[in-house]
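Visitor: Sequences listed follow chains A and B, in order. Here my numbering is used: the first residue of the first sequence is 91, the next is one more, and so on. Here my numbering is used: the first residue of the second sequence is 31, the next is one more, and so on.
Worth flagging that the hints you see were computed from the coordinates, not collected in a lab. As the structure is a computational prediction, the values presented were derived from the model and not from experiment. It is possible that part of the hints are untrue.
Restricting the straight-line Cα-Cα distance to at most 30 Å, the calculated cross-link-like pairs of lysine-lysine (DSS-like) are [what the hints assert, rightly or not]:
#1 A/205 / A/219
#2 A/377 / A/480
#3 B/36 / A/317
#4 A/219 / A/204
#5 A/95 / A/219
#6 B/34 / A/317
#7 A/279 / A/377
#8 B/160 / A/219
#9 A/219 / B/222
#10 B/229 / A/219
#11 B/222 / B/160
#12 B/44 / B/34
#13 A/95 / A/204
#14 A/317 / B/44
#15 A/205 / A/95
#16 B/131 / A/480
#17 B/229 / B/160
#18 A/480 / A/279
#19 B/229 / A/210
#20 A/95 / A/210
#21 A/323 / B/36
#22 A/95 / B/160
#23 A/323 / B/44
#24 B/34 / A/323
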Amino acid sequence: MRSHKNRGTLLSIIFMGFGQLYHRQFVKGGLFIALEIYLLLFWTLPFRNAMWGLYTLGETTQTRVGFTIVQGDHSIFLLIEGIIFLICGLLFLWMYVLAIRDARRVGFQRDQGKKANTFKQTWTVLADKGFPYFLLMPSVLFTAFLTILPLIFGIAIAFTNYSAPNHIPPASLVDWVGFQTFIDLFNMKTWNRTFLGVFSWTIIWAVLATVTTFFVGLFFAVLLNSKGIRFRKFWRSIYILPWAIPSFVSILIMRNLFNGEFGPINQYVEFLGLAAVPWLSDPNWAKFTLVLVNIWFGFPFWMVLMSGVMTSIDRELYQAAEVDGASGRQRFLGITLPIVMFSTAPLLIMNFAGNFNNFNLIYLLTQGGPVNIDYSYAGSTDILISWIYKLTLEQSQFAIASVISILIFFVLAAVSIWNFRRTRAFKEEDTML
Amino acid sequence: MNRKQKNRFSTFFKHLLLTFVALFTIYPVIWIVMGSFNPGSSLFTAQVIPGMNWSLFWEGMREFNFHTVMESFRSIRLTLSHYSHLFQETNYLLWYKNTLKIAFWNMVLSTFLVVTAAYAFSRFRFPGRKQGLMTMLVLQMFPGFMGMIAIYILLLQLNLLDNHWGLILVYAGGSIPFNAWLVKGYFDTLPKSLEEAAKIDGAGNTTIFARVLMPLSVPILVFVAVSNFIGPWMDFIFARLVLRSNENKTLAIGLFEMVTGRGNTEFTLFAAGAVLVAVPITILFMTFQRFMVEGLKAGANK
Numbered sequence: 091m092r093s094h095k096n097r098g099t100l101l102s103i104i105f106m107g108f109g110q111l112y113h114r115q116f117v118k119g120g121l122f123i124a125l126e127i128y129l130l131l132f133w134t135l136p137f138r139n140a141m142w143g144l145y146t147l148g149e150t151t152q153t154r155v156g157f158t159i160v161q162g163d164h165s166i167f168l169l170i171e172g173i174i175f176l177i178c179g180l181l182f183l184w185m186y187v188l189a190i191r192d193a194r195r196v197g198f199q200r201d202q203g204k205k206a207n208t209f210k211q212t213w214t215v216l217a218d219k220g221f222p223y224f225l226l227m228p229s230v231l232f233t234a235f236l237t238i239l240p241l242i243f244g245i246a247i248a249f250t251n252y253s254a255p256n257h258i259p260p261a262s263l264v265d266w267v268g269f270q271t272f273i274d275l276f277n278m279k280t281w282n283r284t285f286l287g288v289f290s291w292t293i294i295w296a297v298l299a300t301v302t303t304f305f306v307g308l309f310f311a312v313l314l315n316s317k318g319i320r321f322r323k324f325w326r327s328i329y330i331l332p333w334a335i336p337s338f339v340s341i342l343i344m345r346n347l348f349n350g351e352f353g354p355i356n357q358y359v360e361f362l363g364l365a366a367v368p369w370l371s372d373p374n375w376a377k378f379t380l381v382l383v384n385i386w387f388g389f390p391f392w393m394v395l396m397s398g399v400m401t402s403i404d405r406e407l408y409q410a411a412e413v414d415g416a417s418g419r420q421r422f423l424g425i426t427l428p429i430v431m432f433s434t435a436p437l438l439i440m441n442f443a444g445n446f447n448n449f450n451l452i453y454l455l456t457q458g459g460p461v462n463i464d465y466s467y468a469g470s471t472d473i474l475i476s477w478i479y480k481l482t483l484e485q486s487q488f489a490i491a492s493v494i495s496i497l498i499f500f501v502l503a504a505v506s507i508w509n510f511r512r513t514r515a516f517k518e519e520d521t522m523l
Numbered sequence: 031m032n033r034k035q036k037n038r039f040s041t042f043f044k045h046l047l048l049t050f051v052a053l054f055t056i057y058p059v060i061w062i063v064m065g066s067f068n069p070g071s072s073l074f075t076a077q078v079i080p081g082m083n084w085s086l087f088w089e090g091m092r093e094f095n096f097h098t099v100m101e102s103f104r105s106i107r108l109t110l111s112h113y114s115h116l117f118q119e120t121n122y123l124l125w126y127k128n129t130l131k132i133a134f135w136n137m138v139l140s141t142f143l144v145v146t147a148a149y150a151f152s153r154f155r156f157p158g159r160k161q162g163l164m165t166m167l168v169l170q171m172f173p174g175f176m177g178m179i180a181i182y183i184l185l186l187q188l189n190l191l192d193n194h195w196g197l198i199l200v201y202a203g204g205s206i207p208f209n210a211w212l213v214k215g216y217f218d219t220l221p222k223s224l225e226e227a228a229k230i231d232g233a234g235n236t237t238i239f240a241r242v243l244m245p246l247s248v249p250i251l252v253f254v255a256v257s258n259f260i261g262p263w264m265d266f267i268f269a270r271l272v273l274r275s276n277e278n279k280t281l282a283i284g285l286f287e288m289v290t291g292r293g294n295t296e297f298t299l300f301a302a303g304a305v306l307v308a309v310p311i312t313i314l315f316m317t318f319q320r321f322m323v324e325g326l327k328a329g330a331n332k
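Please build the complete structure, drawing on both the sequences and the hints.
Guide: Here is the structure:
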């Protein structure tokens, strides 16, 4: 207990900066003390209010006195405010810990007989070591406020009953309900039927969309790379068009092409003497159309990627195979396919995740339709993400939408972690896990 | 059939297939371009070649009468009226300007944020680095729209709703995790000896970054810049969420409303609008195609 180290630590625990004063680092200690006094004086009350808000989500509802409306508590603003204050509080706590650790470290140095750094020395060290933090500051701020905060908020919403018609502020309050919304999603008939239907279609859709584009892309890459093809560049430029055109433009074009009544495709079909096809108005046809249109969108990416890989394969491999008497098919299965698969597999997973959340294609092409009377707020071709969109923006069912997005996160996180574990980033010593 | 003939036959067949699929690929493109020149306004009356006298055309073809064939083309009626209509009677030009502004500033802001973060993560070892990288990795897995309600309320409170800057901030914030990982991965591949040499010559951190690292990173920087420029042109969800008034709309919303609002009555107008959006973006994309492919590949390998 006699050492500088322990004394410095103890004093810092009592009040931020006391340890530094004890070490005769007056400027640093003074700054710490000033910070804590400032926070205690001006932030205690707001912080307590914010925590109350976070805990209760408001207690007074909006009331009406005669013709004037008396504002009550706004649960959602209280929630956000609470989260922000909680994060700031944790940051302060973290600084406090750093200050204590600093006092401990300096005390340890003094015990060893070294002198404590002067403020000037500290400043130079800080300026040098601080450069990466200085670089990171803007992106950390952006990420904190525009990605992390909304995410925490979104997760928090899943544990409330924030939904129309009875729990929409400012007219009424929102309460914490724990896992009730999760339970409802699986147990209540209105929700679980829709959830299971939409979820299974989402999986089927993501798999079909990924696999079809992958193999069509592979087919054309092989075709373009095969012997005797003329104007390779020309073909490639044409095939790459669907990838280059802004997707919302081409999806809207497709929507018109496949229009059941006036669309040119049905006009051609009828011209051939066949019955008009309900491309977008029959559930199964609509699903088929989505996959078909997605092939149009998706194959150029794979084609370009794979022809890149194929041109970089060593010619000698093929020559050796030919000498050994391997047929064209054997060469393809034995050399081309494994190499292409190896270098494109990680992207396959990314592509799956992309299709899983391909809001634009579904929403702009079918808007989730055609109508499905068995579903609540979802159409036959809605995938989870477009269902969430409808639930939030059109139906104000925020709680259930948040629960679903948490579930999406689990699916995608599982897939991505599995994927990342197999890629290089994971094996590098300095990265992670 | 000997081997040579067989080869020739298969090459012919391959070309036939390529041509056939190429037709399918460009059909929507041709159709929308022709649609924009179509007189009339609805989808129903739109034809691939408007006003073309097909019976005359086939007659000329049958009789090998060149004159008759030419005659059939003369009945084609193309019009530029939809383009002028677009500029004069809709807010199209304004939407275009809005989108351009959002795309440009998003490009500048995102690239700045991404590059500084990637540089710090790649070249410095500091407490919190591992945790930071891990956080970015996890953040990539969340659907961007999970935080939609919160973003909406945040922008509402900051008075940035229906404001382009609000949207730019949302885009820029969202682009950081993925792109920073990508660029960090690229920076990692650049040899450190170059910077050490520069340091010995007395260059500071900032100089090293600007003079040594930046010029070597052009491909990845172009990828980040172009993809962040194109991003806002393609986005529908957030634009729809944030922008409310007619004069603040972006092209994606404006065009969407043209063909979904009142039963396709403005189809040809939409076609003209789509052509004007798609052409420059497509050219941009084609120009930087190489970078796009390489960038994506790098992203996958990391």
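Visitor: Could you tell me which of the numbered hints above are not met by this structure, giving the numbers in increasing order?
Guide: none
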